[in-house]
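Generate coordinates for the entire structure from the input sequences, incorporating the hints supplied.
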Amino acid sequence: MDLPFALCLVSLLIGAAALIAPVAGRSWASVALYGLCLGVSSLLLVIGLWSLVAMGGGAEAPLLWLPLGIPGQGVHFRLDGLSAFFLIVINLAASAASLFAIGSGRHEHAPHRVLPFYPVFLAGMNLVVLANDVYGFLFSWEVMSVASWFLVIAHHRQPENRRAGYVYLIMAALSTQMLLVTFGLLSGFGAHLDFDAIRATPPSLDIARLALLAVVIGTGAKAGLVPLHVWLPLAHPAAPSHVSGLMSGIMTKVAIYGLVRVTFDLLGPPEWTWGAGILLLGGTTAVTGVLYALMQHDLKRLLAYHTVENIGIIAIGLGLALAFRANGFQMGAALALTAALFHVLNHSLFKTLLFLSAGAVLTATGERDLDRLGGLIRGMPITAFCFLVGSAAISALPPLNGFVSEWLALQAILISPELPQWILKFLVPMVGAGLALSAALAAACFVKAFGAAFLGRARTAAAERAVEVERSSLAAMLILVAACVLAGVLPGLVVDALAPVTTLLVGSHLPNQITQPWLTLVATTPERSSYNGLILMVFIALSASLSAFGVHRLASRRRRRAGAWDCGYPETSPATQYTAASFAQPIRRVFASVLFSAREKIDMPAPGDSRAARLTLTIRDPVWALLYRPVAVAVTTAAEIISSALSLSIRQHLGLVYGTLILLLVVLALWQ
Amino acid sequence: MIQSLLAQGFQMMLVLAVAPLVIGIIRKVKARLSRRIGPSIFQPYRDLIRLARKDTVVAHNASWLFLVAPYIVFAAIWVAAALVPTYALGLIFSWSADIIVIVGLLALARFFLALAGLDVGTAFGGIGTSREMMISSLAEPAMLMIVFTLSLLAQSTQLSSIAHYMMTADVGLRVSCGLALLGLVMVTIAENGRVPVDNPATHLELTMVHEAMILEYSGRHLALIELAAALKLTLYLSMLTCVFLPWGIALNGAKLPVLGLGVLIYLIKITVASAVLAAFEVTVAKMRVFRVVDFLNFALMLGLLATLLLFVSRSI
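Protein chains in written order, with this note's numbering: chain H, 1 to 672; chain D, 673 to 988.
If you're looking for bench data, these hints aren't it; they were derived computationally from the structure. All residues carry an ideal CB built from backbone N, CA and C; glycine is no exception. Hints may be right or wrong, so weigh each one.
Here are some chain H residues pointing at chain D (derived, C-beta under 7 Å) [to be verified]:
#	residue
1	531
2	559
3	586
Here are the simulated distance ranges between beta carbons [what the hints assert, rightly or not]:
#	chain 1	residue 1	chain 2	residue 2	range
4	H	554	D	712	48 to 54 Å
5	D	673	H	422	32 to 38 Å
6	D	736	H	174	53 to 59 Å
7	H	622	D	708	51 to 57 Å
8	H	554	D	928	28 to 34 Å
Right, here's the structure in full:
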């Protein structure tokens, strides 16, 4: 009964969108709508959990056919382990975001541009993971894309939002086009649109290779794989904060779902080169994503670039899993896939948390620029705590959840010398180094972000006056904090829940975790490696309290407040503090001088000259400069040439038609 | 059960007790090598007691993070140090954290210390934090590459298993092992702010890294941070000795006299390691901050090369 119930709930969301549209301006509308969304997504979350548990017990995946869509074909739905897992990921974050919006929704100055699209966006994402045929998948994918596009341009009066919407629209179109190609190749000329039929007749190897290329571009453009990530740091910050959280936290995961569904489920047995390709893409994405993030001083854009980085980490796991599977190492494939899917869950939790906290900062101060914030920990201690936990989790620090998936990925890398291919033998250690580098740089980046926004002295009056946002918004963030901690200290539960998913996709799963002593996480065998977040957390808590107790018993307990020391010359102006840009300067000098051609120009006035000194920093985005600008120029030039044909006379037009006809006939003759 | 808990507890107290001594020995050896008499090797204990007795002065605008950070930093490093084998292998909680987790715990401590450096909003806190994160963003990958090398050799990421492997198996002279040793020494120097990467004795503004970051701390908070720094150095020296000089460590389930011998041998090893580190420090000069990058890139390359060699030499 879970599948029909889930579909009813999704249709409830769509109905709510239709009903709320005429009354979106009313004061009660946002509370009512977000309340409904909260209820629906919590129920969908329960359904996901229920199904996953049932499938762990060996239950069959329920199927459903509805007479919608293409006449005679209908739409198929299916709720298997993978769908159930992504249902959980989507709705956990969605319910937190809805709860956040119940409070903060009243600050929205254009509710009629946000409210009707929000439930449609949620419905679209849920339908993508439930669809079991080509039509249903692509239709829901487009619903998701279009609804999110409306949310991106909700505040369309700001020119940068319009540009974001434009870039997003192009990339979303590219993504859908490529998916259309993928499914066209997969379903073949027999036109069996049902996924079950595609599963039953896997495509030939050549077709599968082409389809893989198309699906990596199609889902990669949505998920943000470098170099297809360009829309993401523009569009995610443009939307209202709770929507940014969902776009970054779970819409990219829906794209990952598409990638996993096609490559692991529909394409048939993989070749190791597929794994190598995705691994390389993932490694590149992870390192460049975090380097991009380090150059940012807009809080939400920084978070969006971190999404790019984390998508890279997930892709590393998926690539490894494909490489293992192609070589018949099911255990390794299960480990790498578990790492990737665990990171999917983790990233959806902490990225939503970070975006919601950034939203709270935006609500309280009206600022997203890190160089105009500072000192918020005093006015907004709870938000600061939430952002701190999210930062620690995304920086892969134990005992939080980000560390667990990183640990699993590293364990998967450590068993990969068994892979026989030479290219993989060189590639995997390199990617491992990239993974380590991206984790270390992420920590640096979040020290920068947290430090600039929440610590130090307030740089503007708005930051000075900031106070906490509504209770319900704080509650939403605290729920996500709790989820991050729980997934970190009890990772065994998540890994066990993933067992039916990995069994479905690669035919194996990790050792049963719940039966391990002390709830320890074991990757392959206990002799090889184990990790226990719970014991670690208890240990840290115990030794911290022990030291606090010892210090307070034995040492002097007196504490005085005084001015800052700063080597004897404390400066009173908050402008003398380190900013986000100055914090990143050493790292920029080390890493970005080549990749981003970062250049600093110092204009120092001569002695005696009273004009201010200036430092100019130029950063070039290589992807825009080398890939997109040439394409854009080519498209514009082609369009101009074609448009000049419109002003031809009727005779010239006829000549053109005639010439084309001749050309086609010649081609046809040569072809024969 | 009680016995194994006691053994684990003893290790926690052992590293805590030894840590200031390591600093003391290094300072003494450095002083003697530069023809000074130098303070007693127990001076760091006296310094810590003196700091703990003093009033703690906190800046007006310091937040709760500034006040709790020393405890978190200290706890994380203490737990990490207690999980590295010192005198015995296979202690009861040794499996709860492997070598990757130990790297993670050190990263946790650094994260909070770095944030505390930014909390008051002074220029020195910023400069120290920013440089520390730059150094660590290279040192941590280098460390993980060395971890990869050791784990691939021993087929395990548990430090106890790695030490056991190094002690019992016929390791021989492996190129990877040598590269990893050199890399680990370089990471030890960088991560602990020793010469030539950072100078723990300086308060010269433009050269400070670690000292600039903790400039605003005083009294008991400073004592905790200093002790944590000493523990971190002890941790790295313990790791170096347990992996590359594993002889004399008591095996799992050893009797009391063997354990006692293990403690004695550990103390000797750690003394020798500190003396060697001190001797190295007096022979080199401190580098410019941006030269550190080359130093650490070299360590990273060593680790990567060692890992690559192991990946390539493993044939089916």
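Earlier hints that do not hold, by number:
4, 5 and 6
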